[in-house]
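With the hints as extra help, turn the sequences into a complete structure.
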Amino acid sequence: MQDYHEFIDEILVDEQTIARRVAELGAQISRDYADKDLLIVCLLRGAITFTADLTRRLTIVPELDCMSLSSYGVGHYASSGNVRVNLDLRTNIEGRHVLLVEDIVDSGRTLAHVLEMLRTRNPASLRVCVLLDKKERREVPVQADYVGFDVPDKYVFGYGIDIDERYRHLPFIASVDLSKYRPPA
Amino acid sequence: MQPYQEFLAEILIDEAALQRRIAELGAEISLDYRGRDLILICILRGGMVFLVDLMRRITIPHQVDFMAVSSYGSGARQSAGHVRLSLDLQTDIRGKDVLLVEDIVDSGNTIAYVLEFLQTRQPRSLKVCALLDKEERRETPVPIHYRGFRIPNKFVFGYGLDLDEYYRNLPFVGVVDPDKYKPEN
Chain F
1 MQDYHEFIDE
11 ILVDEQTIAR
21 RVAELGAQIS
31 RDYADKDLLI
41 VCLLRGAITF
51 TADLTRRLTI
61 VPELDCMSLS
71 SYGVGHYASS
81 GNVRVNLDLR
91 TNIEGRHVLL
101 VEDIVDSGRT
111 LAHVLEMLRT
121 RNPASLRVCV
131 LLDKKERREV
141 PVQADYVGFD
151 VPDKYVFGYG
161 IDIDERYRHL
171 PFIASVDLSK
181 YRPPA
Chain S
1001 MQPYQEFLAE
1011 ILIDEAALQR
1021 RIAELGAEIS
1031 LDYRGRDLIL
1041 ICILRGGMVF
1051 LVDLMRRITI
1061 PHQVDFMAVS
1071 SYGSGARQSA
1081 GHVRLSLDLQ
1091 TDIRGKDVLL
1101 VEDIVDSGNT
1111 IAYVLEFLQT
1121 RQPRSLKVCA
1131 LLDKEERRET
1141 PVPIHYRGFR
1151 IPNKFVFGYG
1161 LDLDEYYRNL
1171 PFVGVVDPDK
1181 YKPEN
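Here the protein sequences come in this chain order: F and S.
With the first letter of the first sequence counted as 1, position 129 gets the number 129 in the numbering used here; the numbers rise by one all the way through.
Every position in the second sequence, counted from 1, becomes a number in the numbering used here once 1000 is added.
Since the hints were derived computationally from the structure, they do not count as laboratory data.
Only a predicted model underlies this, so the values are computations on that prediction, with no experimental measurement involved.
There could be a bad hint or two in this list.
[Unchecked claim] With a straight-line cut-off of 27 Å between C-alpha atoms, the simulated DSSO-like cross-links for lysine-lysine are:
#1 154/F x 134/F
#2 1182/S x 1154/S
#3 36/F x 1182/S
#4 134/F x 180/F
#5 1134/S x 1180/S
#6 36/F x 1134/S
Structure (structure tokens):
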């Protein structure tokens, strides 16, 4: 297994900066939902680290649930943005205040589909909190309500975000130098 | 939502002690699995906070995957035959070194079933890392290779462990005073 030092391009957001921003988002969400019964939905697997840290910075007590999604097709067909639900919510969200937590938004297609699907279940409110927003890549008009950081159109990893299922454990967000990265066999 | 201070009997393990012990476990695991193809498996949803903190303390590259199980029927009469897999792994674990990461081992019934099930897929090795071990409650023996803390048979919450789906976001493990806790519904 390659050590990340071999292919790292640069650290885009370091650990302290992430912690500070996550605390700010936690404070803001706690204020916005002060008297509400909040359900936080973590999208597996990329958002796990962000969700675990963000929820610990809340001063309100939310309920937590998870969803696991994948895109249909590969390559060129994946761009339809249609999603398959591998694990659905255990919670009935009708009448609930729902905050969807996602690691990264780029084209926005997956997020748009998830929001559309969840809206059919008639939540009282539905908002999105995203760690990284790659605005340059947006293809459909979808806007997150809470954004951690705007990032350039680079291939990123760390803080829950994988490259070929690895390197999620790194505490910072970095970009990959693709000329140096070798995928696992 | 009732503030936890109203029903908290005691803080069993505080945030600093949790983080210290998790750092030790991470160091131990990093050493033991050096040069191996490690995959951490988390059973949703309780184990997520522990998983996220543990993986950040593991210095070797590794994969992370999730399973969700639910029980047929309800109540205390759970047995292996009543466990249903609601989310399977995305990864083929054949030939890999698998470490099952659990927040708490209680009766051991569910974990014993999951271990048996994972074994049929022929991983190279299969071990268990549990943050909390409530040994008094054990009904089915479970080999725990990495143990965070042995705890008494008390009703605990926080750090991923819920009380009626809430309070998972507290950064410590607390004990509930059942006389003072008022469930919402």
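For the pair we were handed, residue 154/F and residue 134/F, check the Cα-Cα distance against 27 Å. holds, 9 Å
Going straight from one Cα to the other, do residue 134/F and residue 180/F come out at no more than 27 Å? holds, 23 Å
Taking only the CA atoms, is the gap from residue 36/F to residue 1182/S under or equal to 27 Å? With Cα atoms ~18 Å apart, residue 36/F and residue 1182/S stay inside 27 Å; holds.
Quickly compare the C-alpha distance for residue 1182/S and residue 1154/S to 27 Å and report which way the hint goes. Measuring from Cα to Cα gives roughly 17 Å; hence the hint holds.
Run the distance test for residue 1134/S versus residue 1180/S: straight-line Cα separation, threshold 27 Å. Given that 27 Å is the threshold and the Cα spacing comes to 23 Å, the pair holds.
Between the alpha carbons of residue 36/F and residue 1134/S, is the straight-line distance 27 Å or under? Judged against 27 Å, a Cα distance of about 34 Å means the pair is violated.
Hint 6 alone, counting from the list given before, is not met by this structure.
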